[in-house]
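Sequences listed follow chains A and B, in order.
Numbering of the first sequence is given in this note's numbering, commencing with residue 1 and proceeding in unit increments.
Numbering of the second sequence is given in this note's numbering, commencing with residue 1001 and proceeding in unit increments.
Keep in mind the hints are simulated off the structure, nothing from the lab.
Don't take each hint at face value.
With a straight-line Cα cutoff of 30 Å, these simulated DSSO-like cross-link-like pairs (lysine-lysine) come out [stated by the list, open to error]: (1) Lys310/A <-> Lys1051/B; (2) Lys85/A <-> Lys279/A; (3) Lys13/A <-> Lys1252/B; (4) Lys79/A <-> Lys1051/B; (5) Lys425/A <-> Lys438/A; (6) Lys600/A <-> Lys279/A; (7) Lys600/A <-> Lys641/A.
To give a feel for the contact side, a few chain A residues facing chain B, derived at Cβ under 8 Å [to be verified]: (8) Gly103; (9) Arg179; (10) Asp182; (11) Pro519.
Cβ coordinates follow ideal geometry from the N, Cα and C atoms, glycine included.
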Amino acid sequence: MLAGRRNPFDVTKAVDYSDGEIYDSWVDLDNGGFAQLVDPTSSTPQFLLGGKGTGRTHLMRWFSQPVQRLRYRNQPPHKGPLAEKYLGISLRASGLNSNRFGGKGVPAEVWKDVFAYSVDLWLSLEALRTASIAWCELDDYCAQAAAIARTIAESFDAYPGDLPDSLEQLSADMRTTRREFDLAVNNASWQRTLGDLTIRATQGRLPFAVPQAFAEHLPAVRKVTWLYMVDELENLDERQQRYIQTLVREKERPTSIIVGARAYGLRTLRTYSAGEENKEGSEFSALELDAHHLRDPTAFRQFCRRVVAKRLLMAGYVSGNEEAVAAEFDDCFVTYPQTPLRDEEVAFVLRDAGERRYFTKLRNQMREAGIPDTSHDAIIGALHVPEHPLLERLNMFLLYQRWAAGAQLTTAATDIGAEARAYLKSRDSSSEYANHLKRRRADILAKLLQEYDRRQRYLGMDTFVQAAAGLPRNLLHILKRIWIAAEFHGEEPFAPGAGPISERSQRAGLLDASEWYLPENLPLGADGERVEIAVTRIGDLLRAVYFSDKPPEVGLSTISVDERELEPEGRATLKVAAQHRVLVHIGAQRDKSKGLRRSKYQLSPMLCPRWDLPVTRRGALALARAEAEALFDPNSEHFDKLLRDRVQPLSAPFRRSNETQRSLLDT
Amino acid sequence: MMSLDYRILYREELSGDELAERSREWTLFISAVNDTERVRDIFAQVNAASKHWLVHDEYGYAADELPTDDCFRPGLANEAEFWHTYAQQANPDTGGTVCLDLTGFMRPHVAYFAAWMFGQGTDRFLALYTEPKHYKSQESTEFTLGTVNEVRQIAGFEGVHGTDASNDLLIIGVGFEDELIRRAANDKPGARKLQLIGLPSLHADMYQQSVLQASQAVDDSSPPSVLFAPANDPFVTAQVLRDRVTQEDERKPITNLYLAALGTKPQTLGFALYYLTERQHTATSMLFPYCERYSRDASTGTARIWLYDVQRLTATN
Chain A
1 MLAGRRNPFD VTKAVDYSDG EIYDSWVDLD NGGFAQLVDP TSSTPQFLLG
51 GKGTGRTHLM RWFSQPVQRL RYRNQPPHKG PLAEKYLGIS LRASGLNSNR
101 FGGKGVPAEV WKDVFAYSVD LWLSLEALRT ASIAWCELDD YCAQAAAIAR
151 TIAESFDAYP GDLPDSLEQL SADMRTTRRE FDLAVNNASW QRTLGDLTIR
201 ATQGRLPFAV PQAFAEHLPA VRKVTWLYMV DELENLDERQ QRYIQTLVRE
251 KERPTSIIVG ARAYGLRTLR TYSAGEENKE GSEFSALELD AHHLRDPTAF
301 RQFCRRVVAK RLLMAGYVSG NEEAVAAEFD DCFVTYPQTP LRDEEVAFVL
351 RDAGERRYFT KLRNQMREAG IPDTSHDAII GALHVPEHPL LERLNMFLLY
401 QRWAAGAQLT TAATDIGAEA RAYLKSRDSS SEYANHLKRR RADILAKLLQ
451 EYDRRQRYLG MDTFVQAAAG LPRNLLHILK RIWIAAEFHG EEPFAPGAGP
501 ISERSQRAGL LDASEWYLPE NLPLGADGER VEIAVTRIGD LLRAVYFSDK
551 PPEVGLSTIS VDERELEPEG RATLKVAAQH RVLVHIGAQR DKSKGLRRSK
601 YQLSPMLCPR WDLPVTRRGA LALARAEAEA LFDPNSEHFD KLLRDRVQPL
651 SAPFRRSNET QRSLLDT
Chain B
1001 MMSLDYRILY REELSGDELA ERSREWTLFI SAVNDTERVR DIFAQVNAAS
1051 KHWLVHDEYG YAADELPTDD CFRPGLANEA EFWHTYAQQA NPDTGGTVCL
1101 DLTGFMRPHV AYFAAWMFGQ GTDRFLALYT EPKHYKSQES TEFTLGTVNE
1151 VRQIAGFEGV HGTDASNDLL IIGVGFEDEL IRRAANDKPG ARKLQLIGLP
1201 SLHADMYQQS VLQASQAVDD SSPPSVLFAP ANDPFVTAQV LRDRVTQEDE
1251 RKPITNLYLA ALGTKPQTLG FALYYLTERQ HTATSMLFPY CERYSRDAST
1301 GTARIWLYDV QRLTATN
C-alpha cells in the first residue's frame, strides 16, 4: 500500500482552489467548450443556474481577472483582458452578509435604499481594485489615473470630502464610506436607527461609472467588456435580488453581468424599474448547467472522465495526457463482464446450496394461492434453467406476469420454459423472450441480489457519472469516498499496476456519498422537513414497487404526476425538491388516453442507492391523485396504506378470489 | 503585537452553599426558564437582591407554565430586541453586580448580553454556568427542535467586511448538533473551516460525541483542522481563538473571519468576549443557524457550578 497518498478528490469545491489551481484543473467541454454556452464578452447579461456543484463557480473564476492573468503568464497584466476583450470582476454575494439589511426597527423602504447603495459601493470598489491590477502597466495609466479618479468622483451626487487626486485616494474614500455604512447598519441592532446616514450617489450609478471613466480616459480599454460576475445570488432575499435584477436591466456599456445562483436561489425576475420584470431572451440569457449536462450524457461522461484524469495527473499519480488516462478508467474498477446472461455476476446463486430461493418463494406463494403442492414441481421444473440463474429468474418474472393476467400456471410455465430453451439454443435477439431479457436484465439482476441478501452493485466509472446527475461535484464526492474506502481496505486506488478498486470499496464509497447527499441538499426550515418526508416516501414507494414480483415498469427511479391535481403545498414541495436537486425534473408528457399532462420526477440518482434503486432512469411510476396527495402531504396518515395498496396487486398471488385461483389450474 | 491574555480573568467552581452565600452580594441575577434541574435549582439557591426569569419563546411555554414573579417575556425577537425589550419591561438595575446564568439562554442571546453590557459602559459582569451530569441522548441529543430556518450574523456581531474573499476563514465551535454545524459551514462555502472542540469536555464521553458530530457535518476539502479549548472555560476559549487567528493571519492575511459558536454556552461567551475585545468593527462576524424551537429539557442532573468574572480587557503594546 502506498501510505500517505493524498486523496486527489479531496477538493470538491472550486472555492477551495487557489487561482493557480483553478487554472491548472480547468477542463473544457467538447464541441466548442463552455465558450459556446457562456460568452464573457457578450453585452447581454447571463444567468448561470444549476444545482450545488454544477461547476458554476469554477467557470466564473475561470473568467476572473486573476485567472485571465495566468492564461497570459509572463506578460503584462492587461494582456489577457485586452486579448480576450473582457475584464472579469468576480464577487460572491455571501460577502455582503445580506441578512443585516432588515428589521432593527428600520423601515423596509429605507433598507431597500441602503442595501442598493451598499451593493453599488461593493461592485464599484471591486471594479476599481481589479482595474488597478489589470491596467496599471498600460502606457497612459499613470498619466490618466487622476482624471479617472475625478471622473468617477464626479458621478457621486455628494462626494465625501475633497475630490480625489488619485485612484488610491478614491478607493480609500469609498472604503471609508462603505465602512461608515456598515457600522451604521450593524449598530442599528441596538440603536434602532441608521442615524444620519447619507446616500451619496444615485442608485445604480457607481458600478457603471467606474468602467465608463476608465474607457473615457484610457483608449486602449474601450473595446473591453467589464464583466461583473456575482455568484451565490441565493444569499440574497427577494427584495435584495430585485436590486440585482434592476442592475441587470439598467446596465450600461461597457459593463455586462453574469449572475450565478443555485436553481432554488433565483427568487425573482422583477426589478425596481417601474416594477418591470426581466425576460429571458430580452434582458438576459440563462443556462442551467446541470440540465445541459443531462441533455447530453455522452459529452458529460467525457467531460467527467477528463476531470478525473486531470485530478490524477495533478496529483502525480498517473502520467500521460488526459484522454489517454481517461481511457484507462474502466480498468481501475472491478466490474463484471457484460455478457447477455451475466453468468459471472450471478454466480453467487450457483454457490448457494439447496433449492433456489426464488423457487422456494414461488412454492410458498402457490401454496398461499391454494394451488395444490402436487402441481408445484411441474411448474417450477418447467422454469428451470439451472446453469443460467438470470434466465431462470426472468422465467419466474414472466410467470408472475401471466399469473397476474389470469393465465393457467402449468401451461404458462411450460410455454415460458420452452421460450427460454429456444432462446438459449438460437440466441435469437429478435425474439420476444430476448426482448424481455434485454429490457428486464438489470431489474432481474437487482432482484436476484435482493433475494440472496446481497447489496446492490453500483460499479464502474460510468455508473458513478450517472449517479452524479449532471453535477461534477457529486462525482468528486463519490470518488473521494471510494478512495477513502479503498485505502481503508488496503487497496491502492488508481496506482499503476495495483489492480482495480474492489466491489466493496466502490459500494461503500457510493453509499457514503448517497447518505451525505440528502441532508446536504435539503432546504432550510419547514420546506426542508416537507421535502425530506416527501422524498423518503417516494424512495420507499419506488423500492417497494421495484422489488415487487411484477413491477409495472422497468428501471424504476421515477414518478409521474399530474401536478394540477395536487394541492398548492404539494406542488410547492415538488418544485422545491427539484430546485434542490433531490428530485430531478425530467419534463412533462401528455397522457392522451386520460387527457392529462403528467410531470416526471426522478429521485436524484445520488439518492437511489439509499433505496437500492437503479441510478439509470427508464420507466416512471404513474401516481394517482390520492397517492400523490398522500406522498406530498407531510401530515397524511395514509401513506402506509397507500404503499400496501400499491404493492399488493403486484405481489403473488395477486389478490385474486379463490374461484379465480382454482381456475388457474383448471385444464 | 498587542499583548492580551484572557486567561487572567477569574473563574471558580462553587458549591451550592458557596453559591447561596456569594450571591448575596449580587444586585441582579438573570436566568432563562427551562425545565432542567440545573436551571431551576440554581435559581432557587441564588440570593441576589433581584432575580429575573426571562422566557425564550423558542421553548414554547404556555403562560400557565411560567413562574409568576419577576418573569419577563420579550417575545420572539432577535437577540438585540430581546434584551432591549427586557430592559424596557423590567427596567433592571445593571449598575451593580449583575450575574447572568448562561445555562438556559440561547447562544446568540448570551453573546448579545455581553455586547449589551459592554455597549452601555458596564465593563464587568458575572456569568454562571452549571454543567449537566449527562445529555439525555448522548451524541444524538437535540437541543433544537425542527430544522434551521436561517443562518445569519448575530446582532451586534456584524462585521465590516471587504470585497476580497480570497482567504476567508470560518471557525466553528462544534457541539452535538450536526445540523447546526452543517448549516453554518454551508453558509460560508468559500471559507476555510477550523473546528474548535471542547477539550477537556464537560464529561469524558462528550469529546468523542462532539468529534463524531463534527465529522459528519463539516465536509471540507482540507484535512480537518481542529483547535481545542476547555468546554467550560470562556477565557481559554477566547485566548485559543486569539492565538489561532493571529497565527493564521500571520501566515496569510485573513480576508474575512466568521465565528460560529455552536458548542457550550461558556465557549459561546468566550467567542463573544474575543469578538468584543478585538474584532469589533473589523471584517469579522459571528454567525448562528437559527431554529424556531428548542428543547426545554435536554440534560439530566447537576454537576459542577462555574462562576466567571467577565471583564472588558484592553490590549497593551
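Evaluation of the provided hints:
no.: 1; hint: Lys310/A <-> Lys1051/B; result: violated, 65 Å
no.: 2; hint: Lys85/A <-> Lys279/A; result: holds, 26 Å
no.: 3; hint: Lys13/A <-> Lys1252/B; result: holds, 20 Å
no.: 4; hint: Lys79/A <-> Lys1051/B; result: violated, 70 Å
no.: 5; hint: Lys425/A <-> Lys438/A; result: holds, 17 Å
no.: 6; hint: Lys600/A <-> Lys279/A; result: holds, 26 Å
no.: 7; hint: Lys600/A <-> Lys641/A; result: holds, 23 Å
no.: 8; hint: Gly103; result: holds, 7 Å
no.: 9; hint: Arg179; result: holds, 5 Å
no.: 10; hint: Asp182; result: holds, 4 Å
no.: 11; hint: Pro519; result: holds, 6 Å
In terms of the numbered hints stated before, the structure departs from hints 1, 4, listed from lowest to highest.
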